[in-house]
Every structure is written in C-alpha cells, then in structure tokens.
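Student: Here is how the chains run, residue by residue.
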Amino acid sequence: MIDPYDNVVVKTVSRLLIPFLQLSALYVILHGHYSPGGGFQGGVILGASFILMVIAYGLEEVRRRMSIKTVTTLACAGVLLYSGIGAVPLFLGGNYLDYGVLPIGPVPENRALGILGIEIGVGLCVMAIMAGIFRALASFDTTGGEDGRDSA
Amino acid sequence: MKAPGLLLALLTGGLLIYGEQDMPGWGDANSPASRHVSPRYIEKALEETGTANMVTAVLADYRGFDTLGEITVIFAAGLSCLLLLRRDSE
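As you go down the protein sequences, you meet chains A and B in turn. Numbers 1441 to 1592, taken from the numbering used here, label the letters of the first sequence in order. Numbers 36 to 125, taken from the numbering used here, label the letters of the second sequence in order.
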C-alpha cells in the first residue's frame, strides 16, 4: 500500500507534469504516422502518468479516479477496437486487417486511418495494463497483515 | 547432475554456433531480406499506406496480424497479473 508522499515539491511538480505527460502521450500515439512513436510507446507514457499520480498522491486518490473495473474495461476496449477494426474489411469483401477496402477515401488514406484506429486501440490497452499491473503490485501491504488487505 | 547439465549447455551452444554459420552477414546487401522484402517496403510504403513512418506502416499494416498477437499477449499477461496480485477489494 503506497501512501501519498508528503512533500510539497513532489506534489506540485507532479500536478504540473501529469497533464503535459498525458498530452505528449496522446501526441506520440496520434503522430505515429510521421515520427517515431505509436500505440505502444504512447500507451506506456500514458500509463507512467498514472504511476506518477500513485507516487505523489497515494493509491487511494488514483483508486477513486480509476477503479480496477475501469482499467479492465479500457484494456478490453483496446483489444476489441483493434480486432473490431480488423474485422470491418471482412464485411466489405476484403481480408482481415485489410483496411484498404474501407469506404472512406482513396486506398492510402483508408489504410492510414485504419493504422490510426488500431494504434489508438493498442495505446488504450497498453495504458490500462501498465496502470493496472502497477496498482496490483502497489496494493500489497508490506507492513503486515497476512492477506495484504489494508485497513483503510 | 552438474556434469550432464554443463555438457548439454555446451552441446546446445555449439549447435547454435554451428547453425549460425549459414546466416547472412550483418547488414549484408545481398541477403534475401535486403534484396526482396526491405526494398519493397521502402519503395511502396508511403504510396500504399499514406504513412510516412515506415516502421508504423510495417507494424500496423503489412504485419498487422503480428501486432494483434502482441497486444493480445500484453492483454492476457496484464489480466493474469491483476487476477493473481490484486489484493484490494473493490
């Protein structure tokens, strides 16, 4: 169980840093077509922002903002988004994950949009899993109590 | 039990080194991968996928199935971690 780290510097810096961290993560995901980055990298940065939040504000605060249910829902939504976008071309006469047949625009544009869609799915899943694993580890009570359930 | 283990490790290592002799040299321009696969991606990726970043194009489009497998592995590993390690009752 991680308690909030009671230090005004850590708290203030985290509060200033977390929004920009999340913004840059979204940039990394959405700009993966033109620069290094993509779903995996952006998802990890997004997950790291939640880890920083746990370190600075304690597990309880993050638990209120993002429950385990939200974490698992987001992870499932990410995989579902990926496989769902992959399945759409099947109904339009293409192969699985063949975004070229989507009825949006010229073929390269369709493929770029398909890539963007699955990158968002990857980012969602990686972010949720990163935050979830850290929270699962952080919820261990190291100070005693054999089942690790905290008293709070 | 130490001697057979060491022997087995040496044998496996020797076999791997022997098998490695047939691999193309590092960055060899005449290896099959550099002659057929890579030039195809470098020449056609932007034209076919509208994506300037070739790594993204290969990862998410040409090899989309591979990435689907990767994300499924991460998903399964994360869910297992949550099931096994979770201690807080929410």
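Keep in mind that a hint or two might mislead.
[What the hints assert, rightly or not] Examples of chain A residues toward chain B, derived with CB under 10 angstroms:
hint, residue
1, 1519
2, 1533
3, 1569
4, 1579
[Stated by the list, open to error] Below 25 angstroms or equal to it, Euclidean Cα-Cα: the simulated SDA-like pairs (lysine to any residue) are:
hint, chain 1, residue 1, chain 2, residue 2
5, A, 1451, A, 1574
6, B, 79, A, 1474
7, B, 79, B, 90
8, B, 79, A, 1470
9, A, 1509, A, 1553
10, B, 79, A, 1542
[What the hints assert, rightly or not] If you anchor each label on the Cβ, the simulated ranges turn out as follows:
hint, chain 1, residue 1, chain 2, residue 2, range
11, B, 41, A, 1451, 33 to 39 angstroms
12, B, 105, A, 1443, 31 to 37 angstroms
13, B, 47, A, 1524, 18 to 24 angstroms
14, A, 1545, B, 108, 31 to 37 angstroms
15, B, 46, A, 1517, 45 to 51 angstroms
16, B, 51, A, 1463, 45 to 51 angstroms
17, A, 1500, B, 62, 30 to 36 angstroms
18, A, 1520, B, 67, 35 to 41 angstroms
19, B, 46, A, 1545, 56 to 62 angstroms
20, B, 119, A, 1524, 48 to 54 angstroms
21, B, 66, A, 1475, 25 to 31 angstroms
It is worth saying that the hints were derived from the structure and are not from the lab. Where a beta carbon is used, it is the ideal one built from N, C-alpha and C, also for glycine.
Student: With 48 to 54 angstroms as the target window, see if residue 119 (chain B) and residue 1524 (chain A) comply at their CB atoms.
Tutor: Since residue 119 (chain B) and residue 1524 (chain A) have Cβ atoms about 28 angstroms apart, the given range 48 to 54 angstroms is violated.
Student: Can residue 1579 (chain A) be said to touch chain B, with a Cβ gap under 10 angstroms?
Tutor: 4 angstroms, holds
Student: For the hint 45 to 51 angstroms, verify it against the beta carbon of residue 51 (chain B) and that of residue 1463 (chain A).
Tutor: 46 angstroms, holds
Student: Do the Cβ positions of residue 1545 (chain A) and residue 108 (chain B) conform to the proposed distance bound of 31 to 37 angstroms?
Tutor: With a Cβ separation near 33 angstroms, residue 1545 (chain A) and residue 108 (chain B) satisfy 31 to 37 angstroms, so the hint holds.
Student: Between residue 46 (chain B) and residue 1545 (chain A), is the Cβ distance one that fits in 56 to 62 angstroms?
Tutor: 58 angstroms, holds
Student: Holds or violated: residue 79 (chain B) with residue 1542 (chain A), Cα cutoff 25 angstroms?
Tutor: 20 angstroms, holds
Student: Tell me if the beta carbons of residue 41 (chain B) and residue 1451 (chain A) are separated by a distance inside 33 to 39 angstroms.
Tutor: The hinted range 33 to 39 angstroms is violated for residue 41 (chain B) and residue 1451 (chain A), with Cβ atoms some 55 angstroms apart.
Student: Within 45 to 51 angstroms or not, the Cβ separation of residue 46 (chain B) and residue 1517 (chain A)?
Tutor: Given a distance of about 48 angstroms, which is inside 45 to 51 angstroms, the answer is holds.
Student: Hint validation: residue 1519 (chain A) versus chain B, beta carbon distance must be below 10 angstroms. Holds or violated?
Tutor: Where the cut-off is 10 angstroms and the nearest Cβ of chain B is about 5 angstroms from residue 1519 (chain A), the hint holds.
Student: Is it true that residue 1520 (chain A) and residue 67 (chain B) lie within 35 to 41 angstroms of each other by Cβ?
Tutor: Since residue 1520 (chain A) and residue 67 (chain B) have Cβ atoms about 37 angstroms apart, the given range 35 to 41 angstroms holds.
Student: So does residue 105 (chain B) sit 31 to 37 angstroms from residue 1443 (chain A), Cβ to Cβ?
Tutor: With Cβ atoms ~36 angstroms apart, the hint holds.
Student: Are the Cα positions of residue 1509 (chain A) and residue 1553 (chain A) separated by 25 angstroms at most?
Tutor: 29 angstroms, violated
Of the numbered hints listed earlier, those contradicted by the structure are 2, 9, 11, 13, 17 and 20.
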